[in-house]
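Assemble the complex: chain S is given as a structure, and chain X must be docked to it using the hints.
Protein sequences appear in the order of chains S and X. Per the numbering used here, the first sequence starts with residue 1027, numbered consecutively. Per the numbering used here, the second sequence starts with residue -7, numbered consecutively.
Think of the hints as simulated: they come from the structure by calculation, not from any bench. Wrong hints could be hidden among the right ones.
[Claimed, not checked] Distance condition first, Cα-Cα at most 27 Å in a straight line; then the derived BS3-like pairs of lysine-lysine:
hint	chain 1	residue 1	chain 2	residue 2
1	X	Lys222	X	Lys40
2	X	Lys216	S	Lys1212
3	S	Lys1212	X	Lys222
4	X	Lys205	X	Lys222
5	X	Lys205	X	Lys216
6	X	Lys205	X	Lys176
[Said to hold, decoys possible] Among chain S residues calculated to face chain X with C-beta under 8 Å, some are:
hint	residue
7	Tyr1037
8	Gly1104
9	Ala1121
These numbers were taken from a predicted model, which means no experiment stands behind them. Ideal Cβ placement from N, Cα and C applies to all residues, glycine included.
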Amino acid sequence: MNGIPVEGFMYPNEIELQWSVLIVLYPFLTGLVAGAFILASLERVFRVEEVKPTYRLALLTALAFLLIAPLPLQLHLGHPERSLEMYLTPHTSSAMAMFGFVYMWYLMAVLVLEIWLDYRRDIVILSQTTTGLKRIFYRALTLGSSNISHEALAIDNKTGWIITIIGIPSAFLLHGYVGFIFGSVKANPWWSSPLMPVVFIFSAMVSGIAAVMLVYMFTCRARGEEINMRCVDTVAKYLFYAFLIDFTLEVLDLIHRIYEADESFRSLDFMVHTKLYLPHIVIQLLLGTLTPIILLGITQVLPLSATKRKLTYTIAGCLTLMGIFAMRWNVVIGGQLFSKSFLGYTTYKLRLIDREGLLVAIVLTLLPLFILWALIKLLPPWEDVKGEHLETAYGDD
Amino acid sequence: MSLTRRHFLFLLPAAAVAWDALVAGTPEAAPNYNMTDHWWGLLIDVTKCIGCGTCVQACQAENLVPDGYYRTWVERYHVADWSIENPVVDSPDGGKHGFPASKNEGGKNFYVPKMCNHCADSPCTQVCPVGATFVSPDGVVLVDQKYCLGCRYCIQACPYGCRFLNPETNTASKCTLCYHRITKGLTTACCETCPTGTRQLVDLKNPNDPVHKFIETHSVQVLKPHLATKAKAFYYGLDGSVR
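Just chain S, with the same shape it has in the complex (with noise of 0.2 Å):
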């Protein structure tokens, strides 16, 4: 079919993949975001203070991920104009369609509250100090509410606290959740398995915390300011037990499938050692596994200066993402490149220029990031330029 390669027998339906990169990047968006509102939530819940500098970023990270996150499923879809169905209509036996309100849960109800009760006084505060536009803009922010008395400012500190609680389990849930889509399909033995819900969490935690770290080495260096190095080593040590965990738990499911040897090992054997050698075990495993692994691992024994540091983990913080987003490929492709019969393997042909082709996915990864952009531009996450804020308009209040 359309002349792709196949190798042995697939059921003659199973030759064109169905799922495409667009997919790929779903989980790997939602992972970001999921991994971003809990290192958040580090500081908020269990006081952290170390990575406070990271805390409002982690946030506007998270939002703007979560805010493009839909786009690659709504681009897949054969009829997009039908997808609003699944909230009007939505069967209850699908994950997919329980999917849709853990994910307009976690937007609203947890993401943009947090949000908005944790910028409730800045938005107030910017709505009296500008002019134009932006005045118009922040006073449709503020809600109509422009009490920020110390009595306000607590109820809203108690009340986000409170979101940020639940927000922990929602954002375990919805990439859990992710990774339950996959793991309950009992057709397919490369996604069934009780602990792929449980490997998302881990490596979503692993890809929120290393884009966050990311993002704020290049933040402060885009502004000049120098890095909190308290802040990045915090960062990183967790990001080095995050990783430890995702990383033991995808070699238990690693042990498990080769001890048990079930039916369809020897074809998921042949596999990664060929059409998934270069992805899984050069990408995934060395380079964006066990290499950042090493690397933090070295800061965490040895006493390296400051810029070493930074430098460490900004290769060990890139590598993670290539090795998150690689394992992503691996389960979506991976999942679709050997044939239910277990006696062949077909080819994924990723096109430049099409609707779900590699362009399009560029694009939807680098979305975000101006997302994020113009987020730090209205609701600025830094904390000295929130104290000029109260400065100028209400002194020592």
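Chain X in isolation, oriented as in the chain S frame:
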């Protein structure tokens, strides 16, 4: 306004055209068909299949299946000696035009027709986010083309590879067990055209159906029974090598 006989005669041809148009847009009626009286399945007697591909051609013609996609297909198995875990399988163009002479020697060769198993606990209907795919009261797994999102989750969930995304409608497509035929007392196109009687429609609610009697009294098998989908495509004479 009073309608004269002359006006009435003028309007008659227009009324006839309008009536034709109305009837053309109305689903074909099956007035004596009661869905709850039936529970459809299929018997596939592997020992009879000669791999002629007539069933695939009939299905494609009857259901306007696009080229390169299959609501049914035929696989040819070759099992050398005792190693049933390593069969050599092919299905050129779904077996639509039959099979070239086998180059494999020794062992056994046989043909296996495949199609939707119309599972009672079908994984494809379970995962559909909007319920566009469903099991009808008479046991046929169908897709509502006007409702399907084209998300392809059902295609991933089908263990038998029976579904595809129709490139003309951008919706999931699959065997309907020729629902438009069986509700009018006919059999499916593939059963109708099979020259050896390999495929036979069965009503599992009808104790007097001879095919039902056959299934009741012979050793039959379903594909991938460990997945517990309650498949209703029953195979007679199925080799253990078949996936």
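Evaluated hints:
no. : hint                    : result
1   : X:Lys222 with X:Lys40   : holds (24 Å)
2   : X:Lys216 with S:Lys1212 : holds (11 Å)
3   : S:Lys1212 with X:Lys222 : holds (14 Å)
4   : X:Lys205 with X:Lys222  : holds (19 Å)
5   : X:Lys205 with X:Lys216  : holds (23 Å)
6   : X:Lys205 with X:Lys176  : holds (22 Å)
7   : Tyr1037                 : holds (3 Å)
8   : Gly1104                 : holds (2 Å)
9   : Ala1121                 : holds (7 Å)
Taken one by one, the earlier hints all hold for this structure without exception.
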